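Undergrad: Listed here are the chains, written in short residue letters.
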Amino acid sequence: MLEVNNLKTQFKTPDGVVKAVDGVSFSLEPGETLGIVGESGSGKSVTALSIMQLNPKPPVQYPEGEVLFEGEDLLKASDRKMQRIRGDDIAMIFQDPMTSLNPVFTVGNQISEAVRIHQNVSKSEAKDRAVQALRDVGIPNPEERARDYPHQFSGGMRQRAMIAMGLACNPKVLIADEPTTALDVTIQAQILELMVDLQEKFGTAIIMITHDLGVVAQLADKVMVMYAGRAVEQSGTDQVFYDPLMPYSWALLRSLPRLDTAGDVRLLPIKGQPPSLIFLPEGCNFSPRCPFAKDECRTTDPSLEEKKPGHAAACILSIEEIEARKREADEELGIEGEMSA
Amino acid sequence: MSEQENARANGAASGGNILEARGLKMHFPIKAGVLRRTVGHVKAVDGVDLTVRRGETLGLVGESGCGKSTLARLILRLLEPTAGEVDFEGENIIGFDRKRMLSVRRNMQIIFQDPYASLNPRMTVGNIISEPLKTHSIEGDHKKRVRELLETVGLSPEHYNRYPHEFSGGQRQRIGVARAIALNPKLIICDEPVSALDVSIQAQVVNLLQDLQKEFDLTYVFIAHDLSVVKHISDRVAVMYLGKVVEIADRGGLYGEPRHPYTNSLLSAIPVPDPEKERERQRIVLTGDVPSPANPPSGCTFHTRCPRAQDYCKENEPGLEPQDGSQNGGMDSHRASCFFPVERGQKIEEPATTTPYRAEE
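For the protein sequence lines, the chains are W and F, in the order given.
Counting in numbering that gives the first Met the number 0, the first sequence runs from 0 upward without gaps.
Counting in numbering that gives the first Met the number 0, the second sequence runs from 0 upward without gaps.
Keep in mind the hints are simulated off the structure, nothing from the lab.
Warning: the hint list may mix true and false statements.
As the list claims (entries may be wrong) - So the derived list for chain W, only partly shown, Cβ under 7 Å to chain F, looks like this:
| hint | residue |
| --- | --- |
| 1 | 39 |
| 2 | 151 |
| 3 | 188 |
| 4 | 213 |
| 5 | 216 |
| 6 | 236 |
| 7 | 258 |
| 8 | 259 |
| 9 | 266 |
| 10 | 269 |
| 11 | 287 |
Since the structure is predicted, the reported quantities are computational estimates derived from the model, not experimental observations.
Cβ atoms here follow ideal geometry from the backbone N, Cα and C, with glycine treated the same way.
All chains, please: the whole structure from these sequences, using the hints.
TA: As structure tokens, then:
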């Protein structure tokens, strides 16, 4: 349904060209959830904004690639066409529900606006649809709360209202950009459960963008790990978590303090910091921080290749080499070979 | 961990608790109207008793607005409490004048959450780190000391003359750490020190804090909303809800056998990075939001969201009572404030079998 092929998104700045997204490909089927993980600045959000065509233009450029939605390339679509698709076929939920709701309109008003733009309905019908959408996301007294302004809602309720707005037109694809990062864990659990329920009910495909590997493990069917604008590992969720083939994904899992282990294992930090997107390191982008890097890594730029069936990783090391290095490092850390992921 | 345990044993030998808070309350007035009359109070911290042992790390967790950060500021006396006492090294510091407070602050420092807001952008790194040395009129070569400190926290001594904007988030937090340890304090309050950092950088700072603790025999109060980080770094953990400590235990007890329904639901709400475990997990999803601390519910403040709540909980307020029968009443025991605590091996949805102990009396 949605297919992204070799997407490249660049921003021209006075300091040079920022390659925010550099050749990302993935596809999404109805009812499926794709998790995109990576650190800040890895290109997760820009990928989402490129699909929605919401990057500021200029300075954005799309020198290569295509975003096919039901066969049509959105990168070439007119503004009018995009306006029809946005909010109707593809909707997006943003991280911060306070700044993404308009403070001077009521919540009901903002949701019915989306309905009225996309569907040929009367004002009162749109209002009813907004109330129904608020009811769907579990807001108590939706008739009354629809007349409230965003500041009268708590953080969790605002995020519910955002989801209600996103789902008001029954989109085929819902892009959620860190939807729970600003929320407390008990509220996060509510919101994630809500998203799963709504997905089952409406068959929506979800792109879940997050830095929280736990959220991905909970929701995603497949995962794309991003680093410095590129997809460095792509596969089913289980493969990436139990058998990471790119040293970055492996190191990320090892650097996390975890709730489900004894807690005495020393964390293995990833040294250094993510690179500047203007001055990328030579060879593999991750090589200056990679615990497994060899000399060749600093000169050869790896491409994303299928290493095992359905499991692609961008690393020049062979599977045998990676497995051996993972085992060595785990022994050094004192982790039993059986420790799950 | 054995070093940490040794440190704790040594600490116990040299006089047990470094810090003791008794009945701490902070009620912020709500003012309204033309005359700015007080119309109510936000009970940010509402009766907290807490002890911190020498050499240990006490984790303090809870959702936003539960009073963790206010409690930290009360301990440091950056806020004047409405009621209660804070003993630091056996002396009640509430009521100390400026001069005596200055000498106390030499031994208690804080690391803030936001490494962007807590460093003055117009000061060089050298000046930022040497400021506490000047404030406390420490003699000696400040420049040399700062260079040592920069090296200790994993930065290069050449960074002395740079400004904060030249550093990344993780590096800035290292500068904050260097400033906090400049005076060789005994106690450091870490207020969400890694929450603003990327996951791969978090581990660097957590490891640094653990190394410094071993090297300088530091005691930490580690505040965070991330229960995984707290589990990793803490010896004991206290859980706060609406201005009160609702459960406190050593790490194994709190994460292994949480008794309070709130702790149980908090732990079950956190997704773990393991798809198989996630598929099998039963989540306790709490309904509703945290009530306003300006108007907390009657009785047990958690009863509005608690899956086990009964009528009794609405009328009576539970105390922080020892849970493990063997050690009764000691400050070391596993304590929770709940009339119907979750028993070992019991599920939270199962009806409580215990009767309210206060009703028996």
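Undergrad: When the nearest CB of chain F is found for residue 266 of chain W, is that gap smaller than 7 Å?
TA: The hint holds - residue 266 of chain W has a Cβ within 7 Å of chain F, the shortest such distance being about 4 Å.
Undergrad: Should the hint that residue 216 of chain W touches chain F count as held when the rule is a Cβ pair under 7 Å?
TA: At about 5 Å, which falls below the 7 Å cut-off, the nearest Cβ of chain F leaves the hint on residue 216 of chain W intact, so it holds.
Undergrad: Was the hint right that residue 259 of chain W lines chain F, CB cutoff 7 Å?
TA: Result: holds, 5 Å to nearest chain F Cβ.
Undergrad: How about residue 269 of chain W: closest beta carbon in chain F under 7 Å, or not?
TA: Residue 269 of chain W check passes; min Cβ-Cβ to chain F is 4 Å, inside 7 Å.
Undergrad: Verify the interface restraint on residue 236 of chain W: the C-beta must sit less than 7 Å from at least one C-beta of chain F.
TA: At 5 Å from the nearest chain F Cβ, residue 236 of chain W passes the 7 Å test, so the hint holds.
Undergrad: Quick check on residue 213 of chain W please, does its C-beta sit within 7 Å of some C-beta on chain F?
TA: Hint holds; residue 213 of chain W Cβ to chain F Cβ min 3 Å, cut 7 Å.
Undergrad: Does the closest beta carbon of chain F sit nearer than 7 Å to the beta carbon of residue 287 of chain W?
TA: 13 Å, violated
Undergrad: For the restraint on residue 188 of chain W, tell me whether the closest CB of chain F is nearer than 7 Å.
TA: Cβ of residue 188 of chain W sits 4 Å from chain F, so the hint holds.
Undergrad: The hint names residue 258 of chain W as touching chain F; please verify it with the least Cβ-Cβ distance against 7 Å.
TA: Status holds, d = 5 Å.
Undergrad: Holds or violated: is the Cβ of residue 39 of chain W closer than 7 Å to a Cβ in chain F?
TA: Holds. Min distance 6 Å.
Undergrad: Next item in the hint list is residue 151 of chain W. Is there a CB on chain F closer than 7 Å to its CB?
TA: The hint is violated - residue 151 of chain W has no Cβ within 7 Å of chain F, the shortest such distance being about 13 Å.
Hint check: violations occur at hints 2 and 11; the rest are consistent with the structure.
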